[in-house]
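Modelling step: build the complete structure from the supplied sequences, incorporating the hints.
Listed below, chain by chain, are the residues.
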Amino acid sequence: MAIYKGRGVCAMNYPIGMNLGGDPSQALVHSNPDGKFTVTLSSIDLGQGMKSVSRQVAAETLGVPVADVYVDTADSDTGPQCMGSFASRGTHRVGNAVIAAAKEARAVMLEAAAEELEVNAVDLETDGLGNILVKGAPGRSITTQEACNVAQFKYGQSVSGRGIFLIPMSDVDPDTGEMTTVSCFAHMAMIVDLEVDDETGEVFNVRMNSAYEVGRALNPKLVEQQLVGGAWMGLSHALYETTEPCYPSRDHRPYSFSSYPMPGPGDLASHGISILERPAPDGPFGGKGVGEMCANPVLPAVANAIYDAVGVEMDELPMTAEKILRAIRAKAGRAGDNG
Amino acid sequence: MMVKKPLEFRLNGTEVAVFADEAENLLSVLRAKVGDLTPKYGCGQGGCGACMVTIDGRTVLSCITLAETVAGADVGTLAGLSGERLDPLQEAFMDGFAAQCGYCTPGMIVAARALLQHNPTPDRDQIIEAISDNICRCTGYEPIIEAIQSVVAQERAGGS
Ligand code: FES
Ligand code: FES
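Chains W and V, in that order, are what the protein sequence lines are. All letters in the first sequence, in the order written, are residues 42 to 380 by our numbering. All letters in the second sequence, in the order written, are residues 251 to 410 by our numbering.
These aren't lab readings, by the way, just hints derived from the structure by calculation. None of the values given here were measured: they were computed from a predicted structure. Keep in mind that a hint or two might mislead.
Reference listing, derived: stretches of chain W covered by chain V, where coverage requires no fewer than 3 residues with Cβ under 8 Å from a Cβ of chain V [to be verified]:
| id | stretch |
| --- | --- |
| 1 | 260-270 |
| 2 | 302-316 |
Using C-beta positions, here's what the derived DEER-type ranges look like [claimed, not checked]:
| id | chain 1 | residue 1 | chain 2 | residue 2 | range |
| --- | --- | --- | --- | --- | --- |
| 3 | V | E318 | W | G76 | 51 to 59 Å |
| 4 | V | C351 | W | Q198 | 37 to 45 Å |
| 5 | W | P65 | V | C351 | 21 to 29 Å |
| 6 | W | F298 | V | K254 | 25 to 33 Å |
| 7 | V | E258 | W | D75 | 39 to 47 Å |
| 8 | W | K262 | V | E318 | 42 to 50 Å |
Idealized CB from N, CA, C, for every residue including glycine.
See below:
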C-alpha cells in the first residue's frame, strides 16, 4: 500500500466555432443623441465576458473610448440573429460581426466630419478619445459627438452599421470525406501532476501547468479568469461531478443541488498558466476563443496521470476513488502489480 | 387560508415593516416584499450560499430562514455594504476579476465581510472556511480567495 505519483499530458488543437449549416453572427451599431454608441446583439454573456469584448472591439473600430459604447444583448426579439454563445465562438464570430457593423457606422461618421472640416474622409483619423482629426493637422478636428449630430441634422445620414460574419457551410467531399469545418484553431498543452493512494483510490495533490495559445488576448484579465475557472470546472468533471455518486444504484442518487459533488474552495488544485499570443489572421484584432478549451484538456491529462501513477486506464467519468480502486484491484487480480 | 403576519425588523439599519405569509422564508420577504434584490435565489435548499445575509452579524442562508424569526433583529445584505463608495471587498472583487456570471458574488461578499468583522486578519484557511458554504460555478474560487486576501492586506496596512 503506497502513494504513487503520476504525470499526465494533454495537447490540443482547438477549433473555434462549429459548422452545421454554416456559422453566422450578426451585430448592429448606432449612434445615440449623447454622442455614444449602442451595439445590439443577441449573443449571450453568461459571465465569460462577451459584452466586455464586444464593447472593446466596437470602441476600437469606431475610434471612441470604451466608456462611450453600450452593448445591448441577449434578446432575440430586439437583437439581430446570432447562433449563440457556445463552441468558443463568441469572440471570433461576434467580434468580427461587430467590427463590420462598427466600420459601416464609422464611415458615415467620418463622411460627415469630412464635410464639416472640408477635407477628404480618407485624410481623417480618430484618436480613440472621441475626436476626429485631420491627419498631419491635428489642430483641425471635430468631436465624434458633433460629427454624429451633423450627420443626422445637416446631412440626413444615419450613423449606423450592420455587420455579419459567416463561416459558410462546408460540404463533405463525397469521394474523400474531406471538409473544412473551421477556419481558426486555438492551441494548448497541459501537464497534470497528481498522487494516487492505491489503498483508497483517492487522487490528491493535483497540480496543473498549462500553456494556452489564444490568438490575441483581447482582454488579458478576462482570458486568465476564464482559464482559471474553466480548468477548475474541468477538474470537477474529471474527478467529482455525477448525478449518481452513490453508484451502482440509481436509488441512492442525490435529490438536491446540496449533494451534487463539486470541489469547493478547500479542494483547489494549483494552476500555473502561460498565455501565448499569435494573432489569428481572420480573428477580430487577432482574437480566437478560450471558451471550452480551458476545461476540456484537464480530463484526459488527469486520466493519463492516473495511468502513469497506478497503471489503470480510466475510461469513465468522473474518475472517482471508488472506480480507481476497483480498477487497481481488477488489475492486481490479473497482473499482481501496480505499475 | 393563508394568514399574513405583520413583521418588523431592521434591514441594513433601516426599519422595515411587511406582511409575511405563513412560513414565508426570509429570502422571499427580502426580494419580493422589501425589494432588496441583492440576496440571490440559487437553490432554495440551503446548499449554495447565493442567498446569504446576516442576522445580528451572523451569516445565515435566508432561503431556509423563517422570516418571522427575524422580528426585531438586524438583517444585513450586500446592499448595506456600500454607500457613497463601494465596500473595499466589492472593489477588490472587481479589480481581481473575482466574478464571472456574478450570481454567487453577493453571498461571497456578505460571507467575507462577516468574517472580517469577527477576524480582521484571517489566514487563507480561515478565508476558505468562511466561504465554504458558498458555491461558485465560474471562477474556480482562487480569484475570490485572492480578492479577500487583498482586502485583508489592505485593511491591515490601514488603507481604506
Ligand atoms: S438559495 Fe439559499 S442556499 Fe441556495
Ligand atoms: S461568478 Fe458565477 S457562480 Fe460565482
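query = Okay, F298(W) versus K254(V) on CB: inside 25 to 33 Å?
reply = holds, 30 Å
Original post:
Is 39 to 47 Å a correct range for the gap between the Cβ atoms of E258(V) and D75(W)?
Top reply: holds, 44 Å
- Honestly, do E318(V) and G76(W) meet the 51 to 59 Å range at C-beta? Holds: the Cβ-Cβ distance is about 53 Å, inside 51 to 59 Å.
**Message:** So is the stretch 302-316 of chain W in contact with chain V by the C-beta rule, three or more residues under 8 Å, or is the coverage claim wrong?
**Reply:** holds (count 6)
* Please test the hint of 21 to 29 Å on the beta carbon pair from P65(W) and C351(V). => This hint holds: roughly 26 Å between Cβ atoms.
Could you see if the CB distance from K262(W) to E318(V) stays within 42 to 50 Å? holds, 45 Å
Given coverage of the stretch 260-270 of chain W by chain V, checked by CB-CB distance under 8 Å (3 or more): holds (count 7)
So the hint says 37 to 45 Å: do the beta-carbon atoms of C351(V) and Q198(W) match that? For C351(V) and Q198(W) the Cβ distance comes to about 39 Å; the hint holds.
Hint check: no violations occur; every hint is consistent with the structure.
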